[in-house]
Amino acid sequence: MSAATTPTSTLSANPDGTLTLSQATMPVRKNIGGEWKSLDPTLKLEADGRIAPATAVGDLHLSAGGSGPFATLADGTHELQLTLPFALPTPTLSGPTATYRNVLPGVDLTVTANTQGGLSQTLVVADAKAAANPALKNIALATKTRGITLKADAAGNLIGTDAHKNVIVTAPTPTMWDSTPPAKTEATVIDPVRGARVNAETGSPVASSFREPGIGAKVKPLKVTVTKNKISLTPAAALLSDPNAKWPVYIDPAIGWGASKSGYAVVGSANPDRNYWKNSPSNTVDLQSGNDPDSSDVRRTLLSFPFNASLLKSAKIYKAALNVTETWSYSCNATPVDVYAPPTKDLTSANATWNYWENSLGTLNDQVNVAKGYSDDCKPGAVGFDISKAINTSISAGNTSQTFIIKADNEASQSGWKRWNSSNPTIEVTFDHTPDQPTGLHTSPITACSGDTIGDGDIKLYAKFSDPDTTGGSLTATFTVWKDSDKTVVKTGTLTGQANPSTTTSFIVPRLWMEQIAGVTTTPGSGTPTAFSWKATVAQNSLTSKDSGTCHYTFDPSRQHAPYVTPPADGASKIGTEATFKVNYLAPGQTLPTGQVAPTEYQYQINGGLVGTVAADPLGNATFKAKPTRYVNNVTVTSVSPGNNFGGTASETFTSGPAAVAVDGDLTGDGTPDLVTAGGVGDIPSGVWLASGTGTATSSVKTLAANLGIYGNGSTSTKASAFNGAQIITGAFSGNGLQDILYYYPADPDVPGSGGILAGNGDGSPINANVNSSQYTINSTALLDDNGGIPRILANAGASYHGAEPDNGFPDLIGISGTSEIGYQLAYYHSIGAPGVFQVPVALLPNAAPDDTSNWAAWDIASAQRVDGSTDLFLWNRATGALHRWSGLDFTTDGASSQLTYDDTTLANGTTSTFNKGVQATLRAADINHDGSTDLWSTTPTGAVTAWLTASSNTITAQTPQTLTTASHYWPLNDVGQEGAVVTTTEDIVGTLDGTGLTGANGNTGDLFDPDVAFNGKTGAITAGHAIKTDSDFSISVWANPATLGQTVISESGTNGALFKIYTASDGSWSFAMARSDAPAASVVWDEAKSPSGAASPGAWYHLTAIFNKSMSLISLYVNDKLVAVRAHTAIPDSTGTFQIGRVRVSSGDSGYSGYYQGQIAQVMTFGKVVIDVALTAYFLDFNDDHKTDVVGRYSDGTLRLYAGNGAGGIASTYTTIATSWDNMSEIFSPGDFNGDGKPD
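Okay, so the sequence shown: first residue is 1 according to my numbering, each after it adds one.
Just so you know, the hints here were simulated from the structure itself, not pulled from any lab data.
Quick caveat: nothing in here was measured; it's all calculated off a predicted structure.
You may find that some hints are simply not true.
[Claimed, not checked] Between beta-carbon pairs, the in silico distance windows are:
{"no.": "1", "residue 1": "Ser331", "residue 2": "Gly497", "range": "30 to 38 Å"}
{"no.": "2", "residue 1": "Ala857", "residue 2": "Pro343", "range": "27 to 35 Å"}
{"no.": "3", "residue 1": "Ala857", "residue 2": "Ser717", "range": "50 to 58 Å"}
{"no.": "4", "residue 1": "Ala499", "residue 2": "Gly809", "range": "20 to 28 Å"}
{"no.": "5", "residue 1": "Val1191", "residue 2": "Gly809", "range": "35 to 43 Å"}
Note that beta-carbon positions come from the ideal geometry of N, C-alpha and C, so glycine has one too.
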């Protein structure tokens, strides 16, 4: 699973569906140009003349000779240069080591690189004459740093920290040693790993080398002093002048590099205060445990591993092991070695001492009796320790790292002495999660889970199955169907090999099986309606999900069933272009049962749009054409009998591509960028709010905002609140040509750094992340940088990458990455060519912020793509008000180094000119007014939106602010749980009036709104608090799909009756009625805005908008966003009654309700204001769009003059000429909106 690979970990999917996480202590690989490469310290000469490791974590460069720095250690934000007080010759290279001969007379310098970007430098003093050189009395290393402060502690440990006190540079107390051989002849062998002659018992080298001291060597520490721009090393004069010293003598300060919080240490009892972070007392690069036979020093190995607790949360752990290679043992006689795990303490660069850890072992996890590496009889090999106990404890605690301690069980005996390979310790955890509870239960023909009736045909049961691990193995789905009155009559369908996750899995319950149970015989009219129930589960390995909950339906053999509908294949149709749909009443090979007739026509609808009908042939076959309107489409087709009775309804979902690639930032399909912002802050309710752009400088957005996020993010929550704390950016992230939403959580308390992509629909409709794979998850490790940091903010980098790989069609990201502890840097995230999957971020060079500091924490970014495909990046310093625009981003890399170039424009310098200084706001970049120059929107927590337009003069100018309009109350009705679940409460996502469900209101899935609420027409309703003040302006918006006519969709109760109601009449008309008094139904008088008859049909969705304009004393009704009726109404005093969904009050008391609704309802919103539609503007004869009726008159010279109305019975004293040459017309009048464009004519 390459997308989950990091420098320290891999995640592998096993054939059985389990996953294995392999985690190293320190980075073992690096992503270069999109390819993971193993770290390799082999030195090579680079094109710039410097020497560098082939692949290392840090940016280490060594001198090729001369008087400059002999070593430069760096990353994107930190740098340390080290210069010796003498010139260097050209070195010879051998593996990771560069040797500089005769840097002083008789003195060589060896510099050995490691994989982390650190080094070990050793001065090799050949003889006493060379040792007498005054230059060796004190060796002054000149230092030059960037972002690092150096200091030495009392023990001589060197530490370099950044501004956040993070340790970047470490160096244990430097030592020096001579070449004195062992005092006595000891048994020796050749170390099979290092190839050196070593003591047969200890594994310690017999002879000294520049790498480490021999068994008999005299070892002394160096004195370390740190002053400004200098590290002074004072060798032990006694050893240099010792007449008994054996030559050569080695002087060895080692320097570790990197801000990694994980690593290793070998601590020893002989030097209990000495810090051995990423080092050991024996100056070797291996690990040790036990009683050292050479020195009687007791050693323990500490290993710290970064730990992704969120990945393993709630997992079943099958196996957890600490794997490390034993390279040496005291003998081939096995001895016990223990692994402990401290539950609360973790190894760091500051506490790698014996004293700190001596009595902090924690819990014994495992003991292994082993001996490897002494001889050919017990060769070096891997040793595994069971650490399941520690892993489960860490998961429960939510830890982000875990330390393990390897120690001899008997530290008093030298027989337990062991050495371990420091380069390959790993922990491997094999795990799995219980599959998720099945979701998305629905049927075709469509039934409410609570128990609708289907006709005489097969029924297809649908469910969605998934596993939290998102990838790996396949799933086994099981559907169970039974007869309600006899649970022993059961049919089970087991579907193996289901994809993880599945989009939608179906199981067909055959008509013949149900007919048999319903008592159907060859006699016409035989059989009775029979009730069935069903549920679903999903399993993987030994883990089985909770069952889905139970749904119901009634099989009626006398009723026409739903047809079989074949929509276009996914992606085969285009948005806005007619596509062909096939409808069949009979399945292949099926014949009409005796006495039955096929439907004579079908009613169809796409995405809740216009309802159409198509005639069927005698066998019930038909074909119709219709235009898909979005990416994920829903088509419903209902059977209609010869007697014009409605039968079953089939529902199918399919995807369509765009007719053309969407304009950057355009989510509505009108060619104009739109404003998008996350809610859950200030006055903006939870969700992802879209305000359509107008393409103009003034009034740059339509302020009535739509919530794209009502279905949640598709991974962690199905509620709009899923986007609280999220950053929202847009771009073509799913690769389908439309603009999508990328949401990112920089500070999520559970999984910071996670996010995802929601594939846009192209028409600005809410994105249902739970259907048709329209969601792609970005896991919390996907954007980690090499230092373990995550982006604090992201922007769309478009196609700014120009490297060896061709453009893959998926946009890249650019972000400010790091942590508050280690600091931040600008980083580039190159897409690998799939939604939501990016390469490991590359720190960009140069990495200075626009103010030439490294203080990236002070800057926010936003981006937009220009028509030519290039990207502009805006950079804003909120504290100073500085604003820059980097135009034409160009990211180049050759695999070894990376660079970002651009044209920098200062739009506000933060001193003499400022932009939004100190303002709490989010930015969105776009070409707001279509002038070819990228601009900005700023949105504050109050919902105030300001368009800031740029100009060729390198200025940015604020336009008049607008305020977003969101609903006062909003019940999406999509939080009702599983299919058929009884609605107990349903959330008001913008207000505080959560609804209460009554028996007969149940969750429903599989239709246009998935899920929604189905009402049974008898008792089902939802009641909320006092949502509408009927004596003030208000608006109501609701989607309704009636199963029958003559029932109430929405109402609000008074004391004695209803104050208003929205309902269908038996003639198929829609009505919005307001009462003239709070009176019972028997005596109430209604003012009613009523559509023509036939506007409503069972089985189809309708968007209804009802408005009361108090100042105009008018009520108006819109059906599918078209004005259908207006009626005068004078406000009456408000009541404290309750808001009702699915019923109406007809008299006082709890039992005084009627008109119970049968069908589905979704997306109920109320507004405490008039939400004016342009169609109503036309009805009012509003010619200047100020929502007031105007007067147009013809003057004697033939001109048409507009006198603006003031809304209070008066007109302006001045006029505007709107036309000429009208004197040849005998009469003029306004018919209202004559051509359907929403404007009066």
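Consistency of the hints with the structure:
no.	hint	verdict
1	Ser331 <-> Gly497: 30 to 38 Å	violated, 53 Å
2	Ala857 <-> Pro343: 27 to 35 Å	holds, 33 Å
3	Ala857 <-> Ser717: 50 to 58 Å	violated, 29 Å
4	Ala499 <-> Gly809: 20 to 28 Å	holds, 24 Å
5	Val1191 <-> Gly809: 35 to 43 Å	violated, 56 Å
The structure is inconsistent with the numbered hints 1, 3, 5, although it conforms to all the rest.
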